[in-house]
Amino acid sequence: MVPAIQVEHVSKDYGALRALDDVSLEIAPGEFFGLLGPNGAGKTTLISILAGLAIATRGRARVTGFDVVGEYRDARRSLGVVPQELVFDPFFTVREALAFQSGYFGLRDNRAWIEEVMHHLDLAGKAETNMRALSGGMKRRVLVAQALVHKPPVIVLDEPTAGVDVELRQALWRFIRRLNRDGHTVVLTTHYLEEAEALCGRIAMLKQGRIVALDTTRNLLRMHSGCYVELRLDPDRLPAALAPLVAQRDEGGYRLALRDYAELERVLAELRTARVEIQEMEVMQPDLEEIFVQIMRKA
Amino acid sequence: MTGFYTLFRKEWLRFWKVSVQTVLAPVLTALLFLLVFAYSLRGRVEVFPGVDYGAFLVPGLAMMSALQNAFANSSSSLMQSKMTGNIVFVLLPPFSHREFFLAYLLAAIGRGLVVGMGVLAATVWFVAIPLEYPLWVIAFAVAGSGVMGALGIIAGLYSSKVDELAAFQNFIILPLTFLSGVFYSIHSLPPFWQRLSLFNPILYMVDGFRYGFFGHADVSPWLSLAIVGASFFALSFFTLWLIRIGYKLRH
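Protein chains in written order, with our numbering: chain Z, 28 to 326; chain B, 3 to 253.
Just so you know, these hints were derived from the structure itself, not from any lab. All C-beta atoms in this analysis are idealised placements derived from N, C-alpha and C, irrespective of residue type, glycine included. Treat the hints with care, since some could be wrong.
With a straight-line Cα cutoff of 30 Å, these simulated DSSO-like cross-link-like pairs (lysine-lysine) come out [what the hints assert, rightly or not]: (1) B/Lys163 <-> B/Lys84; (2) Z/Lys234 <-> B/Lys19; (3) B/Lys250 <-> Z/Lys325; (4) Z/Lys178 <-> B/Lys163; (5) B/Lys250 <-> Z/Lys234; (6) Z/Lys166 <-> Z/Lys153; (7) B/Lys19 <-> B/Lys250; (8) B/Lys19 <-> B/Lys84; (9) B/Lys163 <-> B/Lys19; (10) Z/Lys325 <-> B/Lys84; (11) Z/Lys166 <-> Z/Lys178; (12) Z/Lys325 <-> B/Lys163; (13) B/Lys84 <-> Z/Lys166; (14) Z/Lys153 <-> B/Lys84; (15) B/Lys84 <-> Z/Lys234; (16) Z/Lys234 <-> Z/Lys153; (17) Z/Lys178 <-> Z/Lys153; (18) B/Lys163 <-> B/Lys250; (19) Z/Lys153 <-> B/Lys250; (20) B/Lys84 <-> B/Lys250.
Facing chain Z, a subset of chain B residues (Cβ under 7 Å, in silico) [as the list claims (entries may be wrong)]: (21) Gly5; (22) Thr8; (23) Pro96; (24) Val126; (25) Leu237.
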């Protein structure tokens, strides 16, 4: 099967700055893929190269098998990009903006789909409103709609929920999940790691232009076999032997980082010996955020 | 074709929706020029034999307005899109560089012609002018607006800030259009300035355009057409190349 996205040894230099450094990855059709990394890691640069907004210094990229430079017309038809910046054309209404975007992709009578996209993104009531008069959240919805007007098989969302309220975020994810179920490949960059954890089947983590982790979300979560235990003690005094395990000391509680579940037995034994009673105890798996922090620290 | 046509239509509507600013205002400016110059110089200046100065002025003003507005259309559209970031909407679709160029160029020519015709329509009530060779009029209006539209694309691509484009407009376009024989015949200038004027490509646009009305020109209309046509093709190829390499559009 032809990969939805194929990136081969791509590097991008801006003068002396290397924004991407020999990045290779492949995304299969129908995947929900997360691209994570701190600011300046190269996520947007990689998306720009796929979209033809930037040209790679070395290496090549393909969208649904089409080279983004040599076969740019087919590659761009296959791709819908929701840009990170809240941009809009102040001369036109929502419906006009969508009709233009659809026409740019060569689609003539696309009204039914435009209406459907507007309906799903709750834009129907604002169809005749000038773009200038929309709130930030509404403008964001239009950006999503503009990326979808030509029914691209691959959808790239560059931080689509930055500064967006809960209601829109949920509506947006419902719609994107539906598109993904219908077979669209979705590539997402976000700073909200709980979103990535809940949505993405596979994740690549970037740091300083390099991929530092690339695996399924499940494997990434398993990669760190350790767990956390949160304790409230009476008296509120941790035995000295357990001090090296403390990850966090809160008011009236401790959070200990354990290598594995077996280490829990040692913690309980130490507490018994010290005659310290457990008032509350919670054992927790690390979430993607913690794993992200660990990977970024190590890389 | 649909993609190209949509981009052209978008560029057309972009100025048409604010036509008070983009069409009516330049027509009014041209009328004010006519009022001030034609009435204050009436009877004192005779540029072409038997032609009233007001009548002489009208085609020049129409052409000057057409040229300035053709330039303004493509340059401001591109520069504003780049500044606000909405240029991304035309960079993501699969336009070829030719489609991209032609859409911006034709919209610029369109605005030039609309404004030029607006000036003629508004002044026809005050000044009677002949129309000897309509085909020359059309040829120079289209070719002249084409040159300025292409130049506008170059300026729009080059400028990333309002003041950069303003410098282009104030220090290049405005002096060249004002000193192109709109208000005078170059034969009324001292020899040095006459010779210098011949290096101004806009002179040939205005002079050839005027020839279509009066059948009288400073330079042969064929030579003017050759110069304007050559400038158009040279600028067009250069602009196409800039778009193809993504100059200041794609990193």
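Structure-based check of all given hints:
A hinted pair counts as satisfied when its Cα atoms are at most 30 Å apart, and B/Lys163 with B/Lys84 qualifies at roughly 9 Å. Among the hinted pairs, Z/Lys234 with B/Lys19 is inconsistent with the structure: their alpha-carbon atoms are about 46 Å apart, more than 30 Å. A C-alpha spacing of about 38 Å is found between B/Lys250 and Z/Lys325, which places the hinted pair above 30 Å, so the restraint is violated. For a cut-off of 30 Å, the pair hint linking Z/Lys178 to B/Lys163 is broken: about 35 Å separates their Cα positions.
This hinted pair checks out: B/Lys250 and Z/Lys234 have alpha carbons roughly 27 Å apart, not beyond 30 Å. Pair hint Z/Lys166 plus Z/Lys153 holds up; C-alpha atoms about 11 Å apart against a cutoff of 30 Å. At roughly 28 Å between alpha-carbon atoms, B/Lys19 and B/Lys250 fall within 30 Å of each other, so this suggested pair holds. Our distance criterion of 30 Å between C-alpha atoms is met by B/Lys19 and B/Lys84, whose separation comes to about 20 Å.
Distance check on the hinted pair: B/Lys163 and B/Lys19 sit about 24 Å apart at the alpha-carbon level, within 30 Å; holds. Taking the CA atoms of Z/Lys325 and B/Lys84, the gap is about 39 Å. The hint is violated against a cut of 30 Å. In summary, the hint linking Z/Lys166 to Z/Lys178 is supported, as the alpha carbons are separated by about 20 Å, within the 30 Å threshold. Distance check on the hinted pair: Z/Lys325 and B/Lys163 sit about 42 Å apart at the alpha-carbon level, beyond 30 Å; violated.
Among the hinted pairs, B/Lys84 with Z/Lys166 is consistent with the structure: their alpha-carbon atoms are about 18 Å apart, no more than 30 Å. Pair hint Z/Lys153 plus B/Lys84 holds up; C-alpha atoms about 26 Å apart against a cutoff of 30 Å. Between B/Lys84 and Z/Lys234, the direct Cα distance comes to roughly 29 Å. Compliance with the 30 Å bound is thereby established for this hinted pair. Restraint check: the Cα-Cα separation between Z/Lys234 and Z/Lys153 comes to about 40 Å, which exceeds 30 Å; the hinted pair is violated.
Between Z/Lys178 and Z/Lys153, the direct Cα distance comes to roughly 21 Å. Compliance with the 30 Å bound is thereby established for this hinted pair. Distance check on the hinted pair: B/Lys163 and B/Lys250 sit about 12 Å apart at the alpha-carbon level, within 30 Å; holds. Under the criterion of a C-alpha separation no larger than 30 Å, the hint pairing Z/Lys153 with B/Lys250 is inconsistent with the structure, at around 34 Å. Among the hinted pairs, B/Lys84 with B/Lys250 is consistent with the structure: their alpha-carbon atoms are about 9 Å apart, no more than 30 Å.
Hint on B/Gly5 holds. Least Cβ distance to chain Z is approximately 5 Å, under the 7 Å limit. Taking 7 Å as the C-beta contact cut-off toward chain Z, the hint placing B/Thr8 at the interface holds, the least distance being around 3 Å. Of the supplied interface hints, the one on B/Pro96 holds, with its beta-carbon coming within about 4 Å of a beta-carbon of chain Z, less than 7 Å. A distance limit of 7 Å between C-beta atoms decides the matter here; for B/Val126 the minimum to chain Z is near 31 Å, and the interface restraint is violated.
With 7 Å as the threshold, the beta carbon of B/Leu237 stays out of range of chain Z, its nearest partner Cβ sitting at about 25 Å, so the hint is violated.
Of the hints listed earlier, those the structure fails to meet are numbers 2, 3, 4, 10, 12, 16, 19, 24 and 25, in rising order.
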